[in-house]
Every structure is written in structure tokens, then in C-alpha cells.
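Undergrad: Those protein sequences? They're chains C and B, same order as listed. The first sequence begins at 0 in numbering that gives the first Met the number 0 and counts up by one. The second sequence begins at 0 in numbering that gives the first Met the number 0 and counts up by one.
Note that these hints are calculated values from the structure, not bench results. Incorrect hints may have been included.
Stated by the list, open to error - A few chain B residues facing chain C, derived, Cβ under 10 Å:
no., residue
1, D46
2, H48
3, E51
4, T61
5, R85
6, W170
7, L177
8, F203
9, F238
10, S239
As the list claims (entries may be wrong) - Chain C residues, not near chain B, derived (Cβ > 12 Å throughout):
no., residue
11, G40
12, Y71
13, N199
The beta-carbon is built from N, C-alpha and C at its ideal position, and this holds for glycine as well.
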Amino acid sequence: MNRRIIFFIAILHLFILRQGILAQTTANPDISFVGDFRLVGHNDAAGEIGPNEPQFIFHELEITAGSYLNPYSRADLTIGLAEDETGIEEAYATLLRGLPWNLQVRAGQYLLDFGKLNTQHPHQWSWIRRPLLFERFFGEEGLKGVGVNVTTLVPLWSSALNISGSILQGGFLMPESESDVPAKLAGNGRVSIFASPAENSSIEVGISGLYAQHDPPNKRWATMGNVDFKYKWKPDIYRSLIIVAEALINSRGTSPDTVNTELTSNITSYGAFAAFDFQFRRRFDTGAFIDYSQSPTDSDDRLTAYGIFGGFALAEETYRVGLLLRQDTGTGLDKAYQTIEIQLLWSLGPHKPHQF
Amino acid sequence: MIAFGIMATSAQAKLNVVASSSDLAAIAKSIGGDLVSAKYIVDGRSDPHFIEVLPSYMVMVTRADVYLKIGLGLDFWAQPIIDGSRNGRLKIVDCSRGISVLEKSSEPVNASMGDVHPQGNPHYWLDPANALIMAHNIAEGLAASDPANAGAYNDGLAKFTELLNDKIVTWQQDAAPLQGIQIITYHNSWPYFCRAFGIKVAGFVEPKPGIEPTASHTAEIIDLVKAQGIRVIGKEPYFSDKAPKSIAAATGALVIDLPPSVSGAPGMDDYFSLIDTLIARLLAAAGSNP
Numbered sequence: 000m001n002r003r004i005i006f007f008i009a010i011l012h013l014f015i016l017r018q019g020i021l022a023q024t025t026a027n028p029d030i031s032f033v034g035d036f037r038l039v040g041h042n043d044a045a046g047e048i049g050p051n052e053p054q055f056i057f058h059e060l061e062i063t064a065g066s067y068l069n070p071y072s073r074a075d076l077t078i079g080l081a082e083d084e085t086g087i088e089e090a091y092a093t094l095l096r097g098l099p100w101n102l103q104v105r106a107g108q109y110l111l112d113f114g115k116l117n118t119q120h121p122h123q124w125s126w127i128r129r130p131l132l133f134e135r136f137f138g139e140e141g142l143k144g145v146g147v148n149v150t151t152l153v154p155l156w157s158s159a160l161n162i163s164g165s166i167l168q169g170g171f172l173m174p175e176s177e178s179d180v181p182a183k184l185a186g187n188g189r190v191s192i193f194a195s196p197a198e199n200s201s202i203e204v205g206i207s208g209l210y211a212q213h214d215p216p217n218k219r220w221a222t223m224g225n226v227d228f229k230y231k232w233k234p235d236i237y238r239s240l241i242i243v244a245e246a247l248i249n250s251r252g253t254s255p256d257t258v259n260t261e262l263t264s265n266i267t268s269y270g271a272f273a274a275f276d277f278q279f280r281r282r283f284d285t286g287a288f289i290d291y292s293q294s295p296t297d298s299d300d301r302l303t304a305y306g307i308f309g310g311f312a313l314a315e316e317t318y319r320v321g322l323l324l325r326q327d328t329g330t331g332l333d334k335a336y337q338t339i340e341i342q343l344l345w346s347l348g349p350h351k352p353h354q355f
Numbered sequence: 000m001i002a003f004g005i006m007a008t009s010a011q012a013k014l015n016v017v018a019s020s021s022d023l024a025a026i027a028k029s030i031g032g033d034l035v036s037a038k039y040i041v042d043g044r045s046d047p048h049f050i051e052v053l054p055s056y057m058v059m060v061t062r063a064d065v066y067l068k069i070g071l072g073l074d075f076w077a078q079p080i081i082d083g084s085r086n087g088r089l090k091i092v093d094c095s096r097g098i099s100v101l102e103k104s105s106e107p108v109n110a111s112m113g114d115v116h117p118q119g120n121p122h123y124w125l126d127p128a129n130a131l132i133m134a135h136n137i138a139e140g141l142a143a144s145d146p147a148n149a150g151a152y153n154d155g156l157a158k159f160t161e162l163l164n165d166k167i168v169t170w171q172q173d174a175a176p177l178q179g180i181q182i183i184t185y186h187n188s189w190p191y192f193c194r195a196f197g198i199k200v201a202g203f204v205e206p207k208p209g210i211e212p213t214a215s216h217t218a219e220i221i222d223l224v225k226a227q228g229i230r231v232i233g234k235e236p237y238f239s240d241k242a243p244k245s246i247a248a249a250t251g252a253l254v255i256d257l258p259p260s261v262s263g264a265p266g267m268d269d270y271f272s273l274i275d276t277l278i279a280r281l282l283a284a285a286g287s288n289p
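Just chain C, same shape as in the assembly (with noise of 0.2 Å):
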């Protein structure tokens, strides 16, 4: 039996166990599913990126659990299924009160607050696709480690400072075919102000920096930075604008001979994702984004695109059907191509509250 499959069966035989465990107790996790169908249409002339031909995705159902462990923590769950990979997105247990400091501990597996948009999950974006800034750097489902992370609230009047650190487990940055030489531990962190200048205006902005290694065999490590930036402006159900923007740098050192590998040279390289998305109607919003993004290891490997959508919320996040026209152009590109991709979102599970 497919092996996916196997996975999601034992997933679901240890809720249905869980409910005669829970029985002693009142508490049972909130469970949601997040199910993303997608129709996906190239025009790509120079054949460069695959067929031509509209084509139907499965391109994950992820499943949710979380809930409180005790009055002082929570743990959650995110597990991923995908057309050819199934696997943990996140997986945490976080130490709520209790702490001096204001200070509250994750641990586990969780993705990364490098930068505000890689805390999130892709079905949350209107734009649908993890921007290229993600997806070169650190991969398709993004940056996620194993660690501790410890974050803290400092008010500032009515504005907050939050200030959050992690120590990870390294070797996030490697592809997964090169050495068997551990990676050293790595560290993130992320400073951000929050505040609302004005009745139903929120802006948050960030600085972040991540420090790991990318090359453990020759001990080399790369020193990565980003700026975010969101603001929202919502007044009432019907309408809503929110601006992203966020930019990352990154420095490492690369063997520019592949025979003396103790050379190194340093490579720095940029990447910027900007975007906006307003909802016009109580179920309908439409933006644009633009995308940049150089080659970790190469300044000259160079991608961009820029797209608009649309999407139609029947109720709330339940069911939304999402557009997108993306044109895509770059280093190893003969021409540039166009993709259109229309989504079917869906969700299972309680009303969960919207994070800024």
C-alpha cells in the first residue's frame, strides 16, 4: 500500500485511540485539515520547465493539531501530505507562562521567524507560491529547524517589541545528497515592533539574522540577513489592504576551485519579495507581487517574477477558489514563461482565531 497513505491511516488510528485515552479527561486537540487542489497551465515556448498541458495537482493536505497540554503549555502539530512527500512541518511543544521575563520556550520542529512570511504557511497567502527568496535559499516548504526557541513581549506604551532567539540543529542549508560531516549548531533570531498608528491600521516590522553552516566539511558558514515589513489596514469585514515586503541578504563563503577546496572566495547574494492584497468585497480580493531572488552560492543566478491574483472566499477561509497569472524569467532561461494556476482551498476543522 502506497506509503503516504499507510502514514495518514495510522495518523488518523491515533486520534480515534486518543478519544478513549481523552475519555479521562475533557480535553481533545483541536484537529483541522487544509486541503490545496490545484489546476496548473504553463506557456513555457522553450520547453525548458516541463509539459505545456493544463495538468490537475494534489499539492497537500495538511493536517493540525494543538491544544493545551496543561494550564503552562501547548503543544502543536503540522504534518504535510503531499503528491510525492509526506512529512512533519512543524511539531512543538511551547512553555506559555511561568517564566520570568515574559519570556515563553518552543521546542520541537517549527518553522523559522526569519522574516515574517516564513512563519507562515503557503495556504494563508492569496499569492498562493512560497516566494523565490524562500524557495532558492532555503527550499520548497521553506526554512524550518529543529531547536529551542525563546521569545519575549516588551510593551513599548501601547506598541510591542517582540525579540525571539533559537538555537538549532545545523544542516538545513545543505542539500540533502552532500556529507555525511554534521553540521554544527546554528542560530536565528528576530527583533520586531508591532504597533497601530491608527483605527483599524497595524504595521509590524522586523530585522532577522540566521547564522549556520552551509558547508560543514569545509567548516564554512553562512551569515544571513532579512527585513520585513506588513501592514493591514482592516475596518470592517468587507474590506481590507494588506502590504508585505521583505528582503534578505546572504554571505558565505564557496570553494571557487573545486580541486584546493580550501579556497574560499565569498559569495554575497540578494533576494526581495513585495506584494499586496485587497479585499474589495466581503469574498472577493485581488494584488499583485513582485519577486527577486539571486542564487545562494551564485550572485549571477538571477530569477524573477511578477504576477497579479484574485481570489473568491465563499465563507471565510473554508472554501476559497484563488487565481494567479505569474510570469517567470531568469538566469537558465532561454525565454520567459507564464504559468496560470487556479486553487481550491479548503479547510476542516474549528474556527481558528487570525493572527496579525
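Following the hints, complete the assembly by docking chain B onto the known chain C.
TA: Coordinates of chain B only, in the frame set by chain C:
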């Protein structure tokens, strides 16, 4: 705002109270007077079903001694705010404790019913009799968090209760002409208020809770309004007036704003003026549109 609590001396620090809604904050302020600083997250101008978890709310709760929850699942966004505040000394009060809940389903609820509340209708504060229960819960919470002033909070509760009981008699007299009238409301926010004053909600502008009005459902409501001679359509200020106005245009009914919480409109500064204003608006609409 009417406050019955004892005046604080300048040397006394106020008890910091944050409430999910302006109604709970208003009652806390009425009971605690100058001993209490009361803030809230949502008032009558905003839809309490769709509050975003903002860091600024977490900052507000970080400094709080007491958090007043509406409960019954309405302020489900409160817990992440409380968690994000990291406030380990926070006293949380569920103000729905002891409320006799209306519309509690005996069958499992699911999303085909719309955005229903599985624990029953949570808009209980709109029945003045429930405000007595809420005030008792709030006073208990204030006293537990600030035992040194427990006597003052009990005095404030007693005075609030006395005035509320007097006002309930007055409201029943004033609202007598509303007994038995039928109205249309946008959302199912009003069963407790309508039960208190003998008003019947004949239908809703939205076809199911949280679902946008459809053309077919609007046509059904128009037929209902015409058949029953309904003259008043009540709408919370945070909903669109498009569908209510089209019903009104087809039937001659009058659309009025009914803010369901304190601070939902000018002059709605406390719980008493909230109920005063709601009754006055309904009387004016029913009287001017017989």
C-alpha cells in the same frame, strides 16, 4: 459612565481590568469606580466574531490583573491574546458562568448550519436580567484579585444591582409598546434582548449565521415582511446595509442601526445607556412606521 465604586486615593494603584467587550468593561467600571481601570478589545462598532490577535492586545493584557471573557465561544480569540501576554498572574473571569443559555443545540452542530455557536447563543448580555449575573461574576473576580478592596467591590455591586433592578422595571414599562411586535434582524444577536422585552424576531437578513445574504433569501425575507406586516429591520453597525435597504425599499420597512454593545454609537457610554438607546430606537422605529 455611572460608577458606584469608592473613590481611590492618589496613593492606591488601580486594578487593571481588560475585557473582551466594552459591555463587560463598562460593568466592571460601574462596580469598581476609581479603584478600577477598565479597557476592552471589541465594542459595538466591530464584529466580535472576527477579531484579529494583535500584539497590541497582548501588551494590554500583559499589564492586566483581571481579564473578563464573554465566553460561550464568542471570544475564542481571547485565549491566544492571553497566552501571548505571558501574564501568569492574570485572573480570568468567564462572565457567562451561571447564565441560562438560549439556543443550545441538542444535536451535534456542523458547518452546514453556518457559523453557529456550539455552546449556545453567546449574546446574553443584552438581557438586563443576565447583567445581574455578569455583575456578580465580575465583582467576584475583582474581589479575588484585589482582596483589600473586596468590601468596596461588594458595595459597588450592591449599588449597581439596585439601580439595575430599578431600571429593569422602567425598561419594561417603556418597552411595553414593543410587546409582541415582529422584527427582522441581520444576525441572530438578539434572542436574549427580545425575550426580555417580548419582541419576536421573525427572520434574519443573512440566510445562515456568517453567510452573506443571497438574492433568493432576500426575496424570501421580502415576502415574509410583506405577509406579516413587519415594519422594522434591525442591523448591527458592522454589517452592510445593502440587503436590509433592498428589503426596506421593497416593503416600506424601516432599517435601523442596533449596536449590540456599549460604545456602539454616541451616547452608549455604559450598560444602562446601551439598553436605553436600543429601546428608544425600536420605539421610534415602531412608532414612526406603524
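Undergrad: Can we keep the F238/B interface hint, with Cβ of chain C closer than 10 Å?
TA: Because about 8 Å separates F238/B from the closest Cβ in chain C, which is inside the 10 Å limit, the hint holds.
Undergrad: Is the Cβ of N199/C farther than 12 Å from every Cβ of chain B?
TA: Its Cβ does come within 12 Å of chain B, the nearest being 9 Å, so this is violated.
Undergrad: So, L177/B near chain C? Judge it on the closest CB pair being under 10 Å.
TA: Result: violated, 29 Å to nearest chain C Cβ.
Undergrad: Let me know if the C-beta of T61/B comes in closer than 10 Å to any C-beta of chain C, holds or violated.
TA: 6 Å, holds
Undergrad: Holds or violated: the hint that F203/B contacts chain C, with Cβ atoms closer than 10 Å.
TA: For F203/B, the interface hint is violated, since the closest Cβ of chain C sits about 16 Å away, which is over 10 Å.
Undergrad: Would you say G40/C is clear of chain B, with no C-beta pair closer than or equal to 12 Å?
TA: 31 Å, holds
Undergrad: With 10 Å as the cut and Cβ atoms as the points, is W170/B at the interface with chain C?
TA: Cβ of W170/B sits 30 Å from chain C, so the hint is violated.
Undergrad: Less than 10 Å between beta-carbons is the criterion; does D46/B satisfy it with respect to chain C?
TA: Constraint on D46/B satisfied, holds at 6 Å.
Undergrad: Is the hint on E51/B kept, meaning its closest Cβ partner in chain C is under 10 Å away?
TA: For E51/B, the interface hint holds, since the closest Cβ of chain C sits about 5 Å away, which is under 10 Å.
Undergrad: Please check whether H48/B passes as an interface residue: C-beta within 10 Å of a C-beta belonging to chain C.
TA: Since chain C brings a Cβ to about 8 Å from H48/B, closer than 10 Å, the hint holds.
Undergrad: Report holds if the minimum CB distance from Y71/C to chain B is greater than 12 Å, and violated otherwise.
TA: About 8 Å separates Y71/C from the closest Cβ of chain B, which leaves it inside 12 Å; violated.
Undergrad: Does R85/B meet its interface restraint, that is, does its C-beta lie within less than 10 Å of any C-beta in chain C?
TA: Result: holds, 4 Å to nearest chain C Cβ.
Violated hints, listed in ascending order, are 6, 7, 8, 12, 13; each of the other numbered hints is respected by the structure.
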